[in-house]
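Asker: Below, each chain spelled out in residue letters.
Number of protein chains: 2
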Amino acid sequence: MDGTPNDGYGTNDGYDASDDGASEDGVRDDSAPAGGPGPDVIVIGAGPAGENVAGRCAQAGLAVAIVERELVGGECSYWGCIPSKTLLRPGEVLAAARRVPGAAAAVTGSVEAAAAFARRDEMVAGYTDDGQVPWLRDRGVELVRGVARLTGRPREVRVTLTGGGQRLLVASRAVVLAAGTRATVPPVPGLADAEPWDNRSATGARQVPRRLVVLGGGAVGSELAQAFRRLGSETVTLVEGAPRLLAREEEFASDEVRTAFAAEGITVLVDTRAVAVRREPVQPGQPRPEVTVRVVGPAGESELVADEILVAAGRTPATDDLGLTAFGLRPGGFVEVDDQLRARAVPEGWLYAVGDVNGRALLTHLGKYQARIAADVITGRRDIVGQPARDLADGRAVPRVTFTDPQVSAVGLTERAAREAGLAVRAVRVPTGGVAGASVRGTDAVGTSMLVVDENRRVLVGATFTGADTQELVHAATVAIVGEVPVDRLWHAVPAFPTVSEVWLRLLEEYGL
Amino acid sequence: MDGTPNDGYGTNDGYDASDDGASEDGVRDDSAPAGGPGPDVIVIGAGPAGENVAGRCAQAGLAVAIVERELVGGECSYWGCIPSKTLLRPGEVLAAARRVPGAAAAVTGSVEAAAAFARRDEMVAGYTDDGQVPWLRDRGVELVRGVARLTGRPREVRVTLTGGGQRLLVASRAVVLAAGTRATVPPVPGLADAEPWDNRSATGARQVPRRLVVLGGGAVGSELAQAFRRLGSETVTLVEGAPRLLAREEEFASDEVRTAFAAEGITVLVDTRAVAVRREPVQPGQPRPEVTVRVVGPAGESELVADEILVAAGRTPATDDLGLTAFGLRPGGFVEVDDQLRARAVPEGWLYAVGDVNGRALLTHLGKYQARIAADVITGRRDIVGQPARDLADGRAVPRVTFTDPQVSAVGLTERAAREAGLAVRAVRVPTGGVAGASVRGTDAVGTSMLVVDENRRVLVGATFTGADTQELVHAATVAIVGEVPVDRLWHAVPAFPTVSEVWLRLLEEYGL
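Chains as they are written, first to last, in this note's numbering: chain B, 1 to 513; chain G, 514 to 1026.
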């Protein structure tokens, strides 16, 4: 790290990023195709996925232009993973210390919200992209600031420049959509008028609301509910329409997070939906009026009163204004792609979509992965055995970590998803807290570890690890799935004692090895 | 966990252990071969390795007797990994919290030694094995408390019983040596007379010495030096004869630990050896007199004065009194074994040695692994393709974690060891602290991650991860090595963002993928 905390997060990680302050401008107002040669590749959106596809194409020698309407670094760097994990970390590490006799007594305070917000500001570089731009420049990628739209002609993009004017870009090879998503605001009467928080307002908060209602119990809602409870919210109520939190993970994960939330005073209402939201108009300069949320659940209707309401009810692709109609794609929809990240609907394969915008897996790391694959397809790079690049992870080995405490870290298929996919699987589970490695880290170790094994091939197809700080346990499972390492061979991969990774030994014993 | 923290640590982990208080005695004083059928297997030593070989043989239906002269659970459970990691943890978690803005201000104290010692006492179950014995009993293993010695006839063991008397045991199949090791006291004049601490006295300490000298900068010496510094020792001086700490790990690991030690006031003297030790005789009931250590190093001779001197200068196999001579084995030496854990020198293959006593890898997890393999060899269990069990980990995929802060977590070969083994390797490295996942966990993230790739086979042969809390990063590398997953395939194993496991992505990019 070079002292600029957010250098290239989401794409690169700063240690090799220079920050020499040169300007990327000077590409302003040519409104017709450039007189000189155009770029080989145009990338729309400079979030993690866009940056990576641009950087990798440029490093292979292609001329690349990337168009960004907001900040280079995208949602993840400023309004997503980075600030949310930064806000969660103080509560997590203090909870960890309180579980350690010999350390617990040294913790006399609770999370200091002002300091956490200040660190968040540092991590998002004050919501400027000065730290990220050099990464593109160093790779020779041309940054065009503005709003891009496909013209309807192949490989042609018109940019309404941020500084005024327009510019027409024509790519010789490919256009890559990496426009990302934004928070979905569900059509609950009164909700939009109530000026609800979304991931941007929540991760960017400068005050801790005394009472917070969160709509949506997926990863974003669950994480932020706990973050604000630990930052000091007196009441946090999480409203989830499904019967459980984190509905796409194993059921025990949902149960364990819910139990932990209950223990720290977070109210979870499942099978419950908001039906009406009311807030008096917000007046500039005045305190925001309280908000009333009418919910319907198993116990009937009731009203929640809060200071803020956070919407964490899924993501909507930012494709409504990209000029997709001309190519038979639905504005506002996800852009369906093949395993080479090409838009299926578009002939000749010049249009790619990477990251959230293709709807495959709305996760920064998968977006970056798709970006690397797409770049290799565009540049014609082949793998060691001469095969063209293709996406081998999506749908098969997608890791995801929910950074609640306990954490939920998983990869591949849940047991249910595997059965629904027609696989003959056997799942085994052990308590994560049952290994010595968990006990030496503190008292009251919780959690469950599970492997899902395809019995025909005797390879893993899924794994879940819940508990304190399980985030690094999952990569071993990802390697095992992607490497198709048979469980009989995994038996010889010895976990170190006393680490929490010894759950691997217990799991394979439980499996019968 | 069922509330008995040390249930079966080192072998099992308590969550399935019953603790019903029944006695395992009643096998006392028959001094001739039993009238009834003897055991199939005799195991000498009930540490982690012994327990595991006994338990696994018994679960396969064999009659097993295990002989223990001290406590069931062995060195690791009472005087090794468990107490040392328990004493390190408070300092580690407080250091972690101090690096997190938003949490740091809540940490107003330092490590409370009395509470750490109390937790240690809990983790070692007050130095009783009541929590471990049921694990053996549940598996039908007969526990014989006493000192075992091979008689000189095949498969025959005489036990001098702890309660008095002798008992002769004759195994129908196998005898397994799992006698472990003890601290080596090097022949420094005056050292033995100075009543130095070893791992037992140090991990069992009830007071923090004001001034501590540690002889030996391997994992044990380095860990305990830092543990006591953080528990409150005013001066800690680590004396190491080699040019660096942790001499068998990558050089950067040694450098980083040394830098960290310097920053927290631990003096490290390398290329330095103790040549004389003096202490006035220790009088019972009186304060222990201070100890003077004469050392010779690059700057000549000097004297260190301390309150305790800890010897962490390697391990000596506990084989001096096992009756080895009759079988051509050297008393006091390691028992060399083949890949099925059979003593090479002994015909007919009835004598096995597992764990520290065979000298292959003095690590609890490897001892347990060897135990599982040996049990499968003894019981004739074959793997999925019909092959007899054999040790595939030793010498190839041995993970080890030094629980200092920063941690040093490694598996397989170092770059140097790989070259010395004649492999054409290429090593790549990146800063562990350079990924976003490290920065969201706190400021000042340090460390280095390295992969060593066999260029002919394009598979990993080694990996090292240094930094805060890298202990769970290494298992992914162990899986990759054991699974022989080509780096081109590892490229598709996507680490989750923002976890520290993203060093995998950076490393493979650095490699050229």
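Simulated from the structure, these hints should not be mistaken for lab results. A few of these clues could be false.
Stated by the list, open to error - Examples of chain B residues lying across from chain G (beta carbon under 8 angstroms, computed):
id : residue
1  : 170
2  : 270
3  : 294
4  : 296
5  : 365
6  : 384
7  : 386
8  : 388
9  : 456
10 : 457
11 : 459
12 : 511
Quick reminder that beta carbons are idealized off the backbone N, C-alpha and C, glycines included.
Asker: Now look at each hint and say whether the structure bears it out.
Answerer: Each hint tested on the structure:
1. 170: Constraint on residue 170/B not satisfied, violated at 31 angstroms.
2. 270: 26 angstroms, violated
3. 294: 35 angstroms, violated
4. 296: 35 angstroms, violated
5. 365: OK, holds: residue 365/B within 8 angstroms of chain G, min 4 angstroms.
6. 384: Constraint on residue 384/B satisfied, holds at 4 angstroms.
7. 386: 11 angstroms, violated
8. 388: 13 angstroms, violated
9. 456: The hint is violated - residue 456/B has no Cβ within 8 angstroms of chain G, the shortest such distance being about 13 angstroms.
10. 457: Hint violated; residue 457/B Cβ to chain G Cβ min 11 angstroms, cut 8 angstroms.
11. 459: This hint is violated: residue 459/B lies away from chain G, its Cβ roughly 10 angstroms from the closest one there, beyond 8 angstroms.
12. 511: 12 angstroms, violated
Hint check: violations occur at hints 1, 2, 3, 4, 7, 8, 9, 10, 11, 12; the rest are consistent with the structure.
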